[in-house]
Amino acid sequence: MANENKLWKVCKYLLLLVALFVVFFPIYSVLIGAFKTQVEYYQSGLRLPHNWFDFSNFRKVFKVGKLGLGFKNISIILVASIAGNVVLGTMVAYALGRFDFKLKKPIIGMYLVAQIIPMITTQVATFSVIKFIGAYNHMSAPILLYLGADVLQIVIYLQFVNNIPRDLDESAMIEGASLFRIYRSIIFPLLAPATATLIILKTISIYNDFYTPYLYMPSPKLRVVSTAIYSFVGPNAAQLNVISAGILVIFIPTVIIFLVLQRYIFAGVTSGAVK
Amino acid sequence: MFNLSYKAQRYLILFGFLTIPVVLSLMFSYYPAFSLLYYSFTDWTGLGWEMHWVGFANYKEVFTRPEIFSVFEHNAYYFVGGLIQTAVALFFAVILTGKLKGRNVFRAMLFLPYVLHSVAIVIMFKNVYHSEYGSLNLFLQSIGLGSWQQEWLGNPHLVNVSLAFISVWKFFGLSMVIFIGALQSIPADLYEAAKIDGASGWQAFRFITVPSIRSVIEMMMILTLTGALEAFDIPYIMMLGANGTDTFVSKTVDMAFKFQQAGLASAMAVVLLLIVMFFIFIQRKLLFRGGE
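For the record, the sequence lines run as chains A and B.
Using this note's numbering, read the first sequence as starting at 1 and increasing by one per residue.
Using this note's numbering, read the second sequence as starting at 1 and increasing by one per residue.
Keep in mind the hints are simulated off the structure, nothing from the lab.
This structure is a prediction, so every number in the text was calculated from the model and none was measured.
In this text, a Cβ means the ideal position worked out from N, Cα and C, and glycines have one as well.
Incorrect hints may have been included.
[Said to hold, decoys possible] A few chain B residues that don't get close to chain A, going by computed Cβ distances all over 12 Å: (1) Q141; (2) P156; (3) R206; (4) P211.
[Stated by the list, open to error] Under the rule of at most 20 Å between Cα atoms (straight-line distance), these lysine to aspartate or glutamate pairs were calculated in the EDC-like manner: (5) B:K7 / A:E170; (6) B:K258 / B:E132; (7) A:K131 / B:D189; (8) B:K7 / A:D54; (9) B:K7 / A:E40; (10) B:K7 / A:D169; (11) A:K131 / B:E67; (12) B:K258 / B:E50; (13) B:K7 / A:D150.
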């Protein structure tokens with residue numbers, strides 16, 4: 001019995017190592033590729049690069065691929081849409097969590113049903129809305145599309161709002177605070193942990209989004225990171241080493257966010273799933 | 001608003017706080033969904049605003065043109081990939097919930113692909129799969145399996161498997177972490193009791209673990225299914241739908257924006273929407289039955 005357990009333990013670690021290999025092998029190959037010259041890339045195979053301090057591939061992908069512009073544009077979009085999204089999301093949660101009114105159920109239902117409409121298939125029609133309001137080929141298009149609260153956000157916020165004791169509201173009312181004041185000084189600050197989780201998840205998903213900027217902002221001046229690397233690869237498909245450098249640079253921001261803020265991310269994906 | 005009664009404030013708050021979010025949702029979810037339905041009965045090209053009512057002609061086309069419905073075959077690869085992913089994720093979740101040194105490190109490392117940039121991932125795999133200089137073929141060569149080398153993206157029998165694998169690679173960690181969350185919520189004394197009764201590890205898994213996380217497993221299955229039906233960005237970014245890799249959504253997108261047949265594309269989108277809603281409805285039914 002003890003032997004069998006030991007064997008099982010070894011097996012577990014072996015399987016984990018296999019999984020780690022599968023996860024890290026592709027990442028390893030772009031990591032080494034990013035520091036190789038073109039000739040070296042084609043000749044040295046999987047070996048480590050000669051010179052780990054050769055950043056010429058990185059310089060090239062920033063210059064030709066306009067990654068700098070991509071990072072600048074996506075930052076603007078991120079800040080604007082997430083700030084608006086947090087304000088709107090907390091407001092919805094306060095209104096739905098603290099008051100009873102006739103339209104409450106229909107509004108919650110509206111968010112639930114909207115969830116099952118696959119966004120990607122309705123783009124034909126969303127496209128005409130965006131064109132109609134004049135946001136096409138303008139940064140306001142993705143910002144508007146990211147701004148709305150989604151059902152996951154509402155669910156997480158509502159859980160938090162329900163856990164904030166109503167006594168707090170009531171004592172504030174006795175002291176004469178307005179309802180807006182209660183939202184601003186009690187509810188909004190106490191939602192901070194949920195807000196942190198949601199900001200991180202939203203940041204990752206907006207940063208990763210390809211389709212929205214690709215469809216609504218075709219102008220080269222409005223490239224974000226996703227569309228910049230996409231259009232760099234097309235005409236430069238032969239320069240695998242330079243492309244590797246670009247991939248590596250693009251990976252870095254979310255990897256840092258993940259390493260530092262893991263706890264919030266795990267909390268977010270689990271609470272979203274278990275509902 | 002400082003001297004208003006609370007009743008008046010209440011109206012102001014409800015109106016002020018909910019109007020914009022509701023308008024956004026109507027404008028970008030509901031209006032598109034309903035206009036999609038309308039467009040699907042027209043011959044709209046997607047360019048101007050001119051369109052003519054054509055009744056069910058588009059739907060007839062969706063169901064009779066063989067090349068439209070047959071692309072679901074390609075979506076099937078993503079579904080099978082998703083099933084394998086769910087099973088393997090559950091297996092590793094069980095391993096990482098038990099006693100194990102460094103389990104948090106393993107969890108974090110296996111989750112990593114999920115946070116990586118999705119376009120960059122696809123391009124990374126383009127390099128990995130490159131038939132001549134790709135690291136996968138080089139690796140096979142270096143461990144003496146040179147005969148296993150393939151044209152991972154060039155071979156039409158293999159390309160969809162290669163693409164579906166990217167999706168598994170990316171989302172495996174997410175499924176695993178969701179399962180770990182669910183497994184941790186199972187009370188430990190259930191397992192203790194089973195152990196005292198002499199249950200084997202497999203029996204404990206079969207009769208305690210699986211029933212306890214049934215709703216999560218069901219949810220993952222439905223996500224796998226809808227995810228496979230909506231598979232789009234991997235084949236689109238990698239191949240632009242070439243070499244028999246187009247999925248239903250990439251076909252829809254092409255139909256709308258490349259071939260200027262927005263009416264037909266709308267009908268395809270409505271069909272997909274109905275299929276997805278059908279499966280979600282089935283799952284809700286199953287869930288309620290399970291809960292009773």
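B:K7 paired with A:D150 [C-alpha distance capped at 20 Å]: violated, 29 Å
Pairwise hint evaluation, B:E132 against B:K258, where the allowed Cα distance is 20 Å at most: violated, 32 Å
Consistency of the no-contact label for B:Q141, given chain A and a CB cut of 12 Å: violated, 8 Å
Proposed proximity, B:D189 with A:K131 (alpha carbon, max 20 Å): violated, 59 Å
Given hint A:E170 paired with B:K7 - CA-CA distance at most 20 Å: Distance of about 14 Å is within 20 Å: holds.
Satisfaction of hint between A:E40 and B:K7, Cα-Cα up to 20 Å: Violated - the C-alpha atoms of A:E40 and B:K7 are around 74 Å apart, more than 20 Å.
20 Å Cα cutoff - pair B:K7, A:D54: It is violated: about 68 Å lies between the C-alpha atoms, which goes past 20 Å.
Least C-beta distance from B:R206 to chain A larger than 12 Å: holds, 17 Å
Restraint check for B:K258 with B:E50, where alpha carbons must lie at most 20 Å apart: This hinted pair holds, its Cα atoms lying about 18 Å apart.
Given pair status - B:E67, A:K131, alpha carbons within 20 Å: The given pair, whose Cα atoms are some 31 Å apart, is violated under the 20 Å limit.
Restraint status (C-alpha distance of B:K7 to A:D169 at most 20 Å): Holds - the C-alpha atoms of A:D169 and B:K7 are around 15 Å apart, at most 20 Å.
Exclusion check [B:P211 not at the chain A interface, CB over 12 Å]: holds, 16 Å
Going through the hint list in order, the structure does not satisfy hints 1, 6, 7, 8, 9, 11, 13.
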